[in-house]
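**Q** Whenever a hint applies, use it, and build me the whole structure from the sequences.
Protein chains: 2
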Amino acid sequence: MATVADISLSAAINLLSSLAFLLAFAILRLQPFNDRVYFPKWYLKGVRGSPTGSNVVKKFVNLDFRTYIRFLNWMPAALHMPEPELIDHAGLDSAVYIRIYLLGFKIFAPITVLAFMVLVPVNWTGKTLETPRAAKDLTFSNIDKISVSNIPFGSNKFWVHIGMSYIFSFWTCYSLYKEYKNITGMRLRFLASERRRPDQFTVLVRNVPPDPDESVSEHIEHFFYVNHPDHYLMHQVVYNANKLASIVAQKKNLINWYVYYQNKFERDPSTRPTTRTGFMGILGTKVDAIDYYTSVIDDLSKQEAAERENVVKDPNAVVPAAFVSFKTRWGAAVCAQTQQTSDPTIWLTEWAPEPRDVVWENLAIPYFELNFRRLLMSVSLFFLTFFFMIPIAFVQSLANIEAIKKVFPFLMPIIEKPSIKSFVQGFLPGLALKIFLMFLPRFLMTMSKVEGFTSLSSLDRRSASKYYLFILINVFLGSVITGTAFQQLQQFIDLPSTEFTKTVGSTIPMKATFFITYIMVDGWSGIAGEILRLSSLITFHLKNTFLVKTEQDRENAMNPGSLEFATSEPRIQLYFMLGHVYAPITPILLPFIVVFFAFAYMIFRHQIINVYNQQYESGAAFWPDVHRRVIMGLVISQILLMGLLSTRGSENTTLVLIAQPILTIWFHRYCKGLFESAFVKFPLEDAMVKDTLERAVEPKLNLRVYLQNAYVHPVFNGGEFEKPEIIDDEEDNPLIQTKRTTHLSSKPESDNETGSY
Amino acid sequence: MATVADISLSAAINLLSSLAFLLAFAILRLQPFNDRVYFPKWYLKGVRGSPTGSNVVKKFVNLDFRTYIRFLNWMPAALHMPEPELIDHAGLDSAVYIRIYLLGFKIFAPITVLAFMVLVPVNWTGKTLETPRAAKDLTFSNIDKISVSNIPFGSNKFWVHIGMSYIFSFWTCYSLYKEYKNITGMRLRFLASERRRPDQFTVLVRNVPPDPDESVSEHIEHFFYVNHPDHYLMHQVVYNANKLASIVAQKKNLINWYVYYQNKFERDPSTRPTTRTGFMGILGTKVDAIDYYTSVIDDLSKQEAAERENVVKDPNAVVPAAFVSFKTRWGAAVCAQTQQTSDPTIWLTEWAPEPRDVVWENLAIPYFELNFRRLLMSVSLFFLTFFFMIPIAFVQSLANIEAIKKVFPFLMPIIEKPSIKSFVQGFLPGLALKIFLMFLPRFLMTMSKVEGFTSLSSLDRRSASKYYLFILINVFLGSVITGTAFQQLQQFIDLPSTEFTKTVGSTIPMKATFFITYIMVDGWSGIAGEILRLSSLITFHLKNTFLVKTEQDRENAMNPGSLEFATSEPRIQLYFMLGHVYAPITPILLPFIVVFFAFAYMIFRHQIINVYNQQYESGAAFWPDVHRRVIMGLVISQILLMGLLSTRGSENTTLVLIAQPILTIWFHRYCKGLFESAFVKFPLEDAMVKDTLERAVEPKLNLRVYLQNAYVHPVFNGGEFEKPEIIDDEEDNPLIQTKRTTHLSSKPESDNETGSY
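Line by line, the protein sequences are chains A and B.
The opening residue of the first sequence carries number 1 in full-length UniProt numbering; numbering runs sequentially from there.
The opening residue of the second sequence carries number 1 in full-length UniProt numbering; numbering runs sequentially from there.
Treat the hints as calculated values from the structure; they're not laboratory data.
Mixed in with the good hints, there may be bad ones.
With a Cα cut of at most 25 Å, we get these calculated DSS-like pairs of lysine-lysine [to be verified]: (1) A:502 - A:145; (2) A:672 - B:672; (3) A:681 - B:672.
**A** Below is the structure:
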């Protein structure tokens, strides 16, 4: 058990490293040659200069020392942009994402104050740990004196903790309710004020049944002419262009190499660069690089042209799915929400994702296969979560010194050296685990992809759920019970269910210092490292040196990155859970969490303004998931508190505490009913309002032309994969901005919350 | 543990009593004066004579002895009616309901054959119970020799049981799948071939928000004119006529009494009957009965007229709900399935129930209250299920001899007699429980009503779920673990979760004989008693004697009853579960279940043809519930088998067995996705087909007139509460019967199944 001194030391180290990161960032960002790493968003927006605007004088290094003095002034700048502008600049997804941190701050700041005012004095006067018997017990420190461990067995003071737990839960639910309401309002206003977009008129139709007499396209047309006679406008079939897409991607890669050698040759015209034709340019015969790549690219271009023609002409390349567009938003809203035929496995309709959000390869999975894939992935997720240690342990057992000696005997003299040996022994076993954890989000994303979701945004949301489960079981419970998830599972099965919560609950106070350290390392230094963007910095300069010829190339060399919802949101949830678990038990942990939320809010606000470029815009469709997971954390904390108190001689409190999770779950269901449909359904009234307005403003709009090429596989659209060109096609004369406030936001209480809006 | 002789005796007794019931029924049904008790359905249909048709000669007693000889010929007669005619005659709900019994027969008949061919020999040769040690153990009987108890500890023979369990599960799932598909097809054909009905065009709109400037009616009209401009036709507001309805009901009751005294006076004109004005005609001053009731009824009539006017004129009597009708079925289908505004708590639309199916008093519950009520009822259900023994034990402790002596000392001499004393002591404690169990379905129904469902059919379905839970925990688990549900709950909490299934699993073989007896008493004799309709017989003759004056009165005196879905379906589910639990363990139980299903199928087929009058027609909307509960029983049986085998030295089989419930649950989800939407959604294609046909056949139909009074509170409709007059208003020239087969039924494999259709 760490003492106050240990914690202080750790805090000092982490504060210093955070400060070092921030300092490095402050210096690097002021150098003009890093401008594209730290302000790519502005380049993408077309506002070329960095936001400060005056530093373009010198080309590479900033010599204006006055700017170094105010090295932290990006912080107020990040907070300065008002929310409506932020939404306009970075999109609703990003603006709402950083509100998760704000929500954490809003929840835990008052809880911290209250806990320090009430619980700390109560715990301090508990005096259990000051008795001689306890004093001898060296596992207790000063931190425990202000935790629940200091309360005597069976004391009445536990009622204070129970009362506070109720207050904390109530405050959390209240904040969650307000935030859900607020974000629902933001989403509705966002959707209402949006410009005309192809997906507003379009429905994704899947599982079109085969017809012996008609092609897929004809069949679709006839079906919708019959069943939506007044509203059907047109449709766009989906081609199976996966092969073509891979050719295009391959070609793009080769062009990169071609440019690289071209540049090399231009800088040093004396020797023509050479390469080898085999594996990765290392094996095979030596050839002239520029000629080689020119010929290979020519070959691929021919292949591409043939395949392109093939896809368009071959009727079998049309998959049984299509994007069907309607004359009005009302018509599309109706079609997306209704069932078309009595067989629910065919003619499935759902609101079309944005064109750039579509996962093209998943559009044509048959119904049974889809179900089977989901079963398979559920089972896999279970095994991944509970048994991932088995293959890693196996790899670890192979990757030891003895094994290395056997396989690479020539390394013997090196690794026999004591310093290197200890390094290898200390480092190797962890390596397999580190690599696994690094690739875990990608595994999970692949699993979600296999499950057949049709939009990137739903893939992200789904992967986040999986990752949350993994973190909950392997990081949180794993740290508390200290054992592998598989051992926990065994415990969970073998112990009575009450016993399990008791075991976990009673271990929790002892783990407080561990989690405090974790928060400082992962939450403070980790977040500070995020702003430095070290890997992007290096990649950009490498690319800039070797590949960039034109401004356009430099543009492409930027990697603005984006909010990785699938991995970062579940991590935030861990902080929510830690806060809730420790709030009534060891309140000393709370300030660390509050600092994390405030700091992370600032950092990410800066990042979404200056750096990240969003991949898609889902209109904050992830909020129901965030809400649900916060509630889950809260319920887990309530159950663990029950377990803890029942080991402290307060069994009679169980009845009082059991109402808490029930009420919380009910609250969740209530909120779900109240707000969730705003995130999954499409009210007809709102569609009607936009239709009517549009008809009044642009009576002669030719929607057919507007939608003509909206949902074409990106590979047909200039050959650039994953480039949201279509979105940029939007008209510049938008629809009148509807200032109409929704029912929700017109109520007075929400105005307080959305004051900045 | 009962021996084979015990079981045989019990079987003989139950067979005899069943036979006695059937005999009594056979004799009573042939008497013309019982005709209205045993063939009310035909009277309601207007086909007056009993189906045999020749017995109307003698007025009271049937003297044609030849008919007595063929006293069982109702059985083939019941099976004779082909299914399409049955649907036409008794409705789809009833026709599908009896298919539950048929499904049970189809599932368990082959399982029984297989179990007797494979498992019985395997168990018989197990020989554990023939070892001297076991032979001394008196708790084993011959029945156990063919149960799994006869297999030695850790034997490899258990693999046979596991294999059979997989085969049984597979066969059950296959049958369930075929049946679900078949019933989905039946429902779709039924809906497609239905005549024009008001509810096809109508949507129930609830939670109409208040508007400061407009009345509810105007607000609704404006809203739908704006948001469904092409489809909105008209609407009907809902009045809060609860008070009026109670006046009408009171008046009807008084009229009954008036008629009773009138009859009495007519039969004996010498003395005018008298009554007392106080409590139930027992206390208070003595008055002339006919004059008294005439004046009271006059008073009530005036009150009724005043209230009637009041309701129609008072704007506050209009509740914020309405039945909105559309020009086409397509328009109604769209409105029912879509969300109207961005606030999901207002303008809630759902497909309107049939007029006779509406629960009028539940139409106006606000959103929050509805949620709160559901929470309250869930908690109540939990307490009712687990703690119902507490108040009953309390009542029982009061209702003993000593307490009676104290309260009614004058009874002392009587109850001190040994025979009476022992009767009271044996009878009283059970009485409280019996009364509770009798009223339980009504409690549950009331609870469902409080939850705010808007149709009788959904109330029935909801109550069935509650009752199933109660039976599962208190009858099934209660019999197996022999303890109150509360003690089970404690065990469940205190034991490790595996231990609980082990305990239950290992007790199961020992309870086989108990359940065999239970099946015979409840399933054989109970069902045979059902056909006798003893209580209806008595009530009818009492009413006939005292209240009936006209043919119309006699019509009213008939109480055809109906299938009590809420209570009888959960009971069938118990048989499904028993069958599944015991199939791999004690196959001797299976024949009893098969006989039950076959016998009940016949009885209830007879009843729905000749007796029951359905209250509403939901188009077999309950099937997803039935399917889900059979699956639940199957999963429980699979888990219990796992528990049992792990106590028999076959722990290593757990991994093989655990896949079973996972696959079964996946199968359930798969079926749900495949078929459930046919029971909850309304495909646009089908609506369009009917609309188009109708437009072609009756181009001049005035829908407005047709729907004018469809959804008027029944109290305004001739003052008769709960009489489905509106339904009879249907045109006699129906729409062309669409012979169009759905996608589902056009596939070849379903044709085998629906051969009789």
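**Q** Decide, hint by hint, whether the structure agrees.
**A** Do the hints match the structure? See the list:
1. For the proposed pair residue 502 of chain A and residue 145 of chain A, the alpha carbon gap of about 21 Å is at most 25 Å, so the pair holds.
2. With a C-alpha separation of about 22 Å, the suggested pairing of residue 672 of chain A with residue 672 of chain B holds against the 25 Å cut-off.
3. The straight-line distance between the Cα atoms of residue 681 of chain A and residue 672 of chain B is roughly 21 Å, inside the 25 Å bound, and the hint therefore holds.
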